[in-house]
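*Asks:* These protein sequences, in sequence, are chains B and S. Going by the numbering used here, the first sequence opens with residue 1, and the numbers climb by one from there. Going by the numbering used here, the second sequence opens with residue 1, and the numbers climb by one from there.
Incorrect hints may appear among the rest.
[Said to hold, decoys possible] Just a few of them, taken from the derived set where beta-carbon distance is under 10 Å, the chain B residues facing chain S:
1. D20
2. H44
3. E46
4. R48
5. L61
6. K64
7. P66
The set of hints was computed from the structure by calculation and includes no laboratory data. Note that the structure is predicted; figures quoted are calculated from it, not measured. C-beta: ideal position from N, C-alpha, C; glycine also.
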Amino acid sequence: MPGPCPADLFVDALRAAGFDFFTGVPCSLVKRVIAELERRGIYHGETREDAALGVAAGAYLAGKLPVVVMQNSGLGVSLNALGSLHLSYGMPVLVLVTWRGFEGRDAPEHLTMGAVMPRLLDLFGIPWRAPDPDAVLDDVGWAARTARATRMPVALVVKPGLFDEPHA
Amino acid sequence: MNQHEALAILAPHLRDEICIHANGFLSRAAFAVRDGEGCFYMIGSMGLASSIGLGIALARPERRVVVFDGDGNVLMNLGTLATVAARAPRNLLHVCFDNRAHASTGAQPTISDRVRLEEIARAAGYRSAARVETAEALRATAPAFLAGDGPAFLLVRIALGPPGPPGPRIPYTPPEMTARVRRALGVEA
Numbered sequence: 001m002p003g004p005c006p007a008d009l010f011v012d013a014l015r016a017a018g019f020d021f022f023t024g025v026p027c028s029l030v031k032r033v034i035a036e037l038e039r040r041g042i043y044h045g046e047t048r049e050d051a052a053l054g055v056a057a058g059a060y061l062a063g064k065l066p067v068v069v070m071q072n073s074g075l076g077v078s079l080n081a082l083g084s085l086h087l088s089y090g091m092p093v094l095v096l097v098t099w100r101g102f103e104g105r106d107a108p109e110h111l112t113m114g115a116v117m118p119r120l121l122d123l124f125g126i127p128w129r130a131p132d133p134d135a136v137l138d139d140v141g142w143a144a145r146t147a148r149a150t151r152m153p154v155a156l157v158v159k160p161g162l163f164d165e166p167h168a
Numbered sequence: 001m002n003q004h005e006a007l008a009i010l011a012p013h014l015r016d017e018i019c020i021h022a023n024g025f026l027s028r029a030a031f032a033v034r035d036g037e038g039c040f041y042m043i044g045s046m047g048l049a050s051s052i053g054l055g056i057a058l059a060r061p062e063r064r065v066v067v068f069d070g071d072g073n074v075l076m077n078l079g080t081l082a083t084v085a086a087r088a089p090r091n092l093l094h095v096c097f098d099n100r101a102h103a104s105t106g107a108q109p110t111i112s113d114r115v116r117l118e119e120i121a122r123a124a125g126y127r128s129a130a131r132v133e134t135a136e137a138l139r140a141t142a143p144a145f146l147a148g149d150g151p152a153f154l155l156v157r158i159a160l161g162p163p164g165p166p167g168p169r170i171p172y173t174p175p176e177m178t179a180r181v182r183r184a185l186g187v188e189a
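Let's have the full structure, built from the sequences with the hints guiding it.
*Replies:* Here it is as structure tokens:
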């Protein structure tokens, strides 16, 4: 198992792939990514994940290629926005969604969403990958190509340990 | 003043602003009064008109954005009143047509008869927040509001219309609406 992917390299990869608007709601599994985006002054924090998706939709209309950061609990909040906004109107967005409840090892409130998230993304027709640290920079390129080609949402799923040492 | 009258008072003062219309009857009423490539009509994702407007305003500070919202929509996404106020984009104007009801789903009452939405916007930190109750007052307010700095909130109290839709369905497909607004913003397809 390789070590975590440094957040600055990940953000560099996002920028190089063309992502240029960043919003979302935090999760501890991406705290280093959000801190790096904040450090660069390019992060717009939102109050709810669906509101972040709305802001991202506006940014896309204005010519940006947006990223929305969220915990998978927020994916539940987001389903109507994804379905009736992005998927209906053909608006690409990279959803950087964490996988709390991964393999059933987490606090109880995360277990249901953790178990169904892959099927939920499949059900909504959202292409996704859940890379290990050695593949994540390549998968940023895949996400950008897929978002541009389909003009639809795409997800990178953040497993524990991708950007941070896993919890003991 | 009904919804149509209110929209007709505002329309002559609009130029190349990007106009984001909340979902439901509001979009259909607005389309019947004024249309253009810069007009975006939501068919779903209730509550998010203000978020979409904020995204455009942040991404394109040189373009003016007007959000046409409703009381039910604003109540569904009060959080974005806070983020709009916190980011304070000067190019974002927020109109809320308040008929005190979810008109599109059978006129179920909202709580805007007791909760003053413009006061929430003011407390959040909008640069300005006001309420107009009559057509005369809206005529007097509209030019300065639409020419002024944002983030500004204007609650327009309107009468609940008769049952049934106020205009035809929007004739454009959602992807066509995406392409229209991107063209209006000078973004290549």
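*Asks:* Could you run down the list of hints and mark each one as holding or not?
*Replies:* Structure-based check of each hint:
{"no.": "1", "hint": "D20", "verdict": "holds (9 Å)"}
{"no.": "2", "hint": "H44", "verdict": "holds (6 Å)"}
{"no.": "3", "hint": "E46", "verdict": "holds (6 Å)"}
{"no.": "4", "hint": "R48", "verdict": "holds (5 Å)"}
{"no.": "5", "hint": "L61", "verdict": "holds (5 Å)"}
{"no.": "6", "hint": "K64", "verdict": "holds (5 Å)"}
{"no.": "7", "hint": "P66", "verdict": "holds (8 Å)"}
The structure agrees with every numbered hint stated previously.
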